[in-house]
Amino acid sequence: GNSVTQMEGPVTLSEEAFLTINCTYTATGYPSLFWYVQYPGEGLQLLLKATKADDKGSNKGFEATYRKETTSFHLEKGSVQVSDSAVYFCALSPGSGGYNKLIFGAGTRLAVHP
Amino acid sequence: EAGVAQSPRYKIIEKRQSVAFWCNPISGHATLYWYQQILGQGPKLLIQFQNNGVVDDSQLPKDRFSAERLKGVDSTLKIQPAKLEDSAVYLCASSLAGGPGYEQYFGPGTRLTVT
Chain L
1 GNSVTQMEGP VTLSEEAFLT INCTYTATGY PSLFWYVQYP GEGLQLLLKA TKADDKGSNK
61 GFEATYRKET TSFHLEKGSV QVSDSAVYFC ALSPGSGGYN KLIFGAGTRL AVHP
Chain X
1 EAGVAQSPRY KIIEKRQSVA FWCNPISGHA TLYWYQQILG QGPKLLIQFQ NNGVVDDSQL
61 PKDRFSAERL KGVDSTLKIQ PAKLEDSAVY LCASSLAGGP GYEQYFGPGT RLTVT
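Going down the list, the sequences are from chains L and X. Mapping of the first sequence onto my numbering: position 67 corresponds to residue 67, and the numbering continues sequentially without gaps. Mapping of the second sequence onto my numbering: position 101 corresponds to residue 101, and the numbering continues sequentially without gaps.
No wet-lab data here; the hints were simulated from the structure. It is possible that some hints are incorrect.
Claimed, not checked - Among chain X residues calculated to face chain L with C-beta under 7 Å, some are:
1) W22
2) G42
3) P43
4) Q48
5) D56
6) E103
Here a beta-carbon is modelled for each residue, glycine too, at the ideal position from N, C-alpha and C.
Required output: the full structure, derived from the provided sequences and hints.
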């Protein structure tokens, strides 16, 4: 079946530190991969996506590369800010069936301190 | 462009009572989703509509949950009777179409507490 596993949080970093949040997946076929972010008091927002192997998604200084050989889609940012404090969700959309339901990981809370 | 609207934002009910949530998707979006997000977990798809037809309800507990999408626009999700384990945030999302290249836009959610 299809599933997503991401590192447990919370992740606590100082401002300007390097961020990695690990995400691995299990899927049949050729899924699309996503990172969503949920800021305090707000709804889920798409942060970045990749639709095929070796694609790199990027947005707001965050990036993630679709690695089929390791079934991974790790989220990275070179220098985090306090405003990046949020919950980050890795998700996949199965490649078959023509419909794009999302299967989410459990989420990783990031707290950035000044 | 207006986002996905949901109401109410919060609801507290006792077990065995019924409750309904409403969602208005982004104008022109053909596909509508309802997700359940239990505290500490990622959202889980309950049901997906394409226009006013159901394309996936495999994880909807059909003995107590029901959903409809009137005229392919607004949608209502109902729980009757509610159980303690239904306490969660119910998220509505919409996308322009149902294919894998289309982004889903999420509403703010309805937080349900069952006591």
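Evaluation of the provided hints:
Because the closest C-beta pair between W22 (chain X) and chain L is about 16 Å apart, greater than 7 Å, the hint is violated. The criterion of a C-beta within 7 Å of any C-beta in chain L is met by G42 (chain X), whose closest approach is roughly 3 Å, and the hint holds. Because the beta carbon of P43 (chain X) sits about 5 Å from the nearest beta carbon in chain L, less than 7 Å, this interface hint is met. Contact between Q48 (chain X) and chain L, as hinted, is supported at the beta carbon level, the nearest pair being about 6 Å apart and thus within 7 Å.
At a threshold of 7 Å, the smallest CB-CB gap from D56 (chain X) to chain L is about 6 Å, leaving the interface hint in force. Satisfaction of the interface hint for E103 (chain X) is found here, the shortest Cβ-Cβ separation to chain L being roughly 6 Å, below the 7 Å cut-off.
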